[in-house]
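Student: Protein chains in written order, with the working numbering: chain A, 476 to 897; chain B, 155 to 478; chain C, 10 to 369.
Since the hints were derived computationally from the structure, they do not count as laboratory data.
Values in this document were obtained by computation on a predicted structure and should not be read as measured data.
Take the hints with a grain of salt, since some may be wrong.
What follows is a set of in silico ranges between Cβ atoms, one per label pair, in the way DEER data are often shown [what the hints assert, rightly or not]: (1) Lys461/B <-> Glu619/A: 41 to 49 Å; (2) Phe368/C <-> Gln205/B: 14 to 22 Å; (3) Ser359/C <-> Asp200/B: 32 to 40 Å.
Lysine to aspartate or glutamate pairs mimicking EDC-like chemistry, simulated, CA-CA at most 20 Å apart [stated by the list, open to error]: (4) Lys353/B <-> Glu336/B; (5) Lys800/A <-> Asp770/A; (6) Lys609/A <-> Glu336/B; (7) Lys501/A <-> Glu329/C; (8) Lys407/B <-> Glu613/A; (9) Lys363/C <-> Glu398/B; (10) Lys348/B <-> Glu294/C; (11) Lys322/C <-> Glu507/A; (12) Lys783/A <-> Glu336/B; (13) Lys609/A <-> Asp403/B; (14) Lys318/C <-> Asp770/A; (15) Lys322/C <-> Asp770/A; (16) Lys318/C <-> Glu500/A; (17) Lys348/B <-> Glu291/C; (18) Lys406/B <-> Glu516/A; (19) Lys286/C <-> Asp627/A; (20) Lys285/C <-> Glu507/A; (21) Lys167/C <-> Asp176/B; (22) Lys609/A <-> Asp176/B; (23) Lys444/B <-> Asp627/A; (24) Lys285/C <-> Glu503/A; (25) Lys286/C <-> Glu614/A; (26) Lys285/C <-> Glu509/A; (27) Lys286/C <-> Glu516/A; (28) Lys501/A <-> Glu358/C; (29) Lys286/C <-> Glu507/A.
All C-beta atoms, glycine included, are put in the ideal place defined by N, C-alpha and C.
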Amino acid sequence: MPKLSDTQTVGTLISWLKKTGEKVEKGEIIAEVETDKATMELESFVAGVLITQYVNEGDEVEIGAPICAIGKTGEKPRSPDKRSPLRNVEPDPGFLTGSRQDTEAPISIDVTPTPLAEKSVPGDRIKASPLARKIATEEGIPLETISGTGPDGRVVKADVIAAMEKGTTESRLSITPPKKSSAGIPIADETSVPVSNMREIIAKRLLESKKTIPHYYLDIEINATPLLEVRASLNKSLNDLPPDRGGIKLTINDFFLKACAKAMHQVPAVNVSWMGKSIQQHSGVHIAVAIAVEDGLVTPVVRDVHLKSLSEISTEVKTLAVKAKNKKLSPNELTGSTITTTNLGMFGISSFHAIINPPNSAILSVGAIVKKPIVDDDDNIIVGQCMTVGFSGDHRSVDGALGAEYLSALKAILETPALMLI
Amino acid sequence: MPVIYYRDALNAALDEEMIRDDRVFIMGEEVAEYNGAYKVTKGLLDKFGSQRMLDTPISESAFSGLGIGASMMGLRPVIEFMFWSFTYVAFDQIFNNAANIRYMSGGLVNVPIVIRGPANGGTGVGATHSHTPENYAASTPGIKVVCPVTPYDAKGLLKTAIRDNDPVCVMENTLLYGMTGEVPDEEYLIPLGKADIKKEGLDITFIAHGRAVLTCLKAAEILEAEYEIDAEVVDLRSLRPLDEETICDSVKKTNRVVLVEENKPYCGTDAQIAYIIQDKAFDYLDAPIKRISAVDAPQIYSPVLEKEQIPYPQRVVQTALSIL
Amino acid sequence: MEKTTASLEESDVSIYASDEINTRLTTDEKIDFYRQMLRIRHFEDRSLHSYQQGKIAGFLHLYSGQEAIAVGTVSLMGKEDQLITAYRDHGFALALDMGMNECMAELYGKITGCSKGKGGSMHFFAPDKNFWGGHGIVAGQVPLGAGIAFALKYQKIKGCCLCFLGDGATNQGSFYETLNLASLWDLPVVFVIENNGYSMGTKIERHSIGRPLARRAETVDMDWDMCNGHHLYEVRTKIAAVMKRAQTENRPTLLEISTYRYRGHSVSDTGLSYRKKSEIEEYRETKDPITLFYNQLEKEGLIDEKAAKNIDKITHKEAEDAAKFADYSPYPTTEELTRDVYWEEDHPESNTSKGTIFFE
């Protein structure tokens, strides 16, 4: 099929003007062909006999595709070269496709894309002139620590210089550093440890969370005695069973997760994500569980906690923990949470407030169960087992009262564990 | 050192080059008997005769094409356009033929012509006579463009342009013809592609070409006197080839730059300069690159408004202060 | 009684055949004219074939049918005579003895092309053969032609510039401007209108008024004339006269030659939407310049079928070989993109300019 215009890519054979076996003179028209611009006559540039037609009337073919063979009578045409002889010179594409080698699989801690940050919320991006950035980098001064006097709070060179001078002044005013003691073992080697991928991601994510989410904090004290009793009793029955027959050791955390999900049924408005122009209400409860690993923290997600039984939750958490420690968590297992829980009770921490894991709107922090005197319903002072649950909420999507309502529901469930059966 | 008019500096350049090389001839409307619409070619007819000083009919397309054809054969015409605005009727000859013939012939044919004339507004001659097409010219590969501001630069650059074997467009200015400046008697040439720092400074850089350079110098005076700000003024002189080094060195020194041009904004010359600065001197910018162009409308007639339309010193001062 | 070709009486070839300009030709010269015309015809056919094979991009304006004009004109050019034309330039290039290899390679965009692949079909140049292109913009070359003539006169060289243009080009402003300038300044230029009856797809009755076109010279007191372009002898006779006027009197002429092109304006134009096939066939049968010249030479007893076939074979092969040469030739390298833009850049030893001249 010939190229008959500068813009043509295909052509249609409209009609054959020569039959197979007919003689063809040089310059004779053998067919009519339609291009993008017009119907044109196909001229033969050779003389001979039309041996084979490869294309039928009405067929559309690519430019360069063979349409017939002309030769001597009785000659056998070689099979048409399917390859298009079209000579469109493409520039060497080699330079266009860079070969990107992923050096390692990306470690993600909940890589659900953050909802669009609002425009120019002061503080969510550091404005600095290129020159200021350059000097700050060279001098090792973090830009976040410099206040900008330029337009829109832009950090300019003068600000960096001022920060440098202030730093020098301060160090001049500080107490002369104590002499290095001649005897004594240092607590650790003075070295510069390069930041790992995981550390970098943790730093980035949590900094962004703290900077962009207006955190508020609530505490509630749970009477953990009923919970401890139920756990003890269940574990007694289940502990001796083999795992395939339901054998399992339940932890307080497992109950906690179940209770969290249950409480969401009552206050689903905490199970949301702030999207900027909307709030995304999630239909399922997927809880990210913070697990400490060798050089940091991961938060694998237990999905559909609201649909799972206690033992299912427990098994899954254990599995995820093992995977976490062996660095075998897949990205799927690290994304999609709607709320996060974290527990430092095993270290004796009585209460704490964690940093929200975006795009969650809340994070629950579980402290240690501590024996302390409490007042019972009859106004007697008894020994209570108290567990403080901290709640950090995103005030954009979850107001204080809502958070409180949730915590209240959670407390009720934890203090009456039988409610988890319903 | 002698102090002469800009127009006479051009005249001297033409004179000297015509003596030096008898392939050089001049062509244009009113260049010979009238002694030039702006008297740039005064006296040259008497000196060189009508074979080499040619008055043309009003046929810009034909006479610029004729010049190009003659240059293909080895002559070295200097074609005067009474206004650069008039090149628009000869656009095809200049920007199709002169620019491309060397390339399309694979280097076999050359076009060593000079096209010169005033490219400016500010004289109340209205929208059709006030064009500043140095940006169109500079954006055309195959063409070279120079914009001399002082008599010294005018003479040196025109001489180099005539000796150059490529097509060179010389952008003059009717308001500059009557300005004076020092020009030595001895022969000198100014290479293309070399900018000139008309005033050194430390606090802020002004970059301009053509008459806008003078506007920047006035603005620098005001900044010095009233604000104790020390501005550096860079005169590009040559747009293509372009002295990127001087531009970037100045920005690296002062960290702040205001570009000033009499082009209209969209794709005016300074759009290219701004790109180059942010590309090659990014880390030295302590403020955004600022730029002042002529107000984005056809050139107005009303003289008072036209003064506002073209960049003026106070406007440069205000813009400079906004980034200091 | 407007015909699509100029309204001329059918030429009486005998007048021209007996003109001294033709009678003084040797047999070899005449046979060579025949060969040259066939050479052009085969080159054009082969390049059309290559275009359809997708090996040539862009435009391709074929000269088939007009061969006598190029060959006839070039045969009269002396050492100082120059030639410039528009985009239908292959015929002139070959008549001026440019190689088929370099011409075909140029069409293919290869580095071995006469313009290193940078110009393409419309921009063949050969200054060493006094050929100044090959130009794409209609009538854009006309002022250039006047400039070439001007340069000859300026340097007191006795020669003329033959400046070719099409019938459509006579309506461009630059054409009129140049006619005035050439007559006013007594330039040794010959403007030749190759009137093939069509300006792209518009036949002449629909694009020009005030026929013949050559008469436009009257308004600027310039001599003008007309002739048919299918007899080589006629072309030679007329061209010789106007060249002489230019060379000896420094006076320009506007000569209109009636001719015909078999192909469309460019390859994407079938040439059939605006004219009848029968018209093309009629020209081919009665006025084909190659056939007519063969008949003439046969009449003169200088050629026979066998010889003609042999010449045909040789020229056909030359075209085939050129296609092979072009095929095997390499393309320009990336560096070539920015070469041949500026003389100074390509001659660094003489470069006095500083600064950046190519931008990113």
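Student: Lys286/C and Glu614/A: Cα distance at most 20 Å?
Tutor: Not OK: Lys286/C and Glu614/A at ~83 Å, beyond 20 Å, violated.
Student: Has the given pair, Lys363/C with Glu398/B, been kept, meaning a C-alpha gap of at most 20 Å?
Tutor: Measuring from Cα to Cα gives roughly 10 Å; hence the hint holds.
Student: Is Lys318/C close enough to Asp770/A, meaning Cα to Cα at most 20 Å?
Tutor: Violated - the C-alpha atoms of Asp770/A and Lys318/C are around 90 Å apart, more than 20 Å.
Student: Decide if the proposed pair is consistent with the structure: Lys348/B and Glu291/C, CA atoms, cutoff 20 Å inclusive.
Tutor: Distance ~65 Å between Lys348/B and Glu291/C Cα, so the pair is violated.
Student: Is the hinted pair Lys318/C and Glu500/A satisfied, with a Cα-Cα distance of at most 20 Å?
Tutor: 16 Å, holds
Student: Please verify whether Lys609/A and Asp403/B have alpha carbons no more than 20 Å apart.
Tutor: This hinted pair holds, its Cα atoms lying about 17 Å apart.
Student: Check the hint pairing Lys348/B with Glu294/C against an upper bound of 20 Å on the C-alpha distance.
Tutor: The given pair, whose Cα atoms are some 66 Å apart, is violated under the 20 Å limit.
Student: Quick one, are Lys609/A and Asp176/B close enough, alpha carbons at most 20 Å?
Tutor: Cα-Cα ~57 Å, so violated.
Student: Between Lys353/B and Glu336/B, does the CA-CA distance stay at or below 20 Å?
Tutor: Measuring from Cα to Cα gives roughly 16 Å; hence the hint holds.
Student: Could you check the hint for me, namely that Lys461/B and Glu619/A are 41 to 49 Å apart, CB to CB?
Tutor: Given range 41 to 49 Å: holds, Cβ gap about 48 Å.
Student: Given the hint that Lys167/C pairs with Asp176/B, does the C-alpha gap stay at or below 20 Å?
Tutor: 19 Å, holds
Student: Are the Cα atoms of Lys286/C and Asp627/A separated by 20 Å or less?
Tutor: 75 Å, violated
Of the numbered hints given earlier, the model fails hints 2, 6, 10, 11, 12, 14, 15, 17, 18, 19, 22, 25, 28; all others are met.
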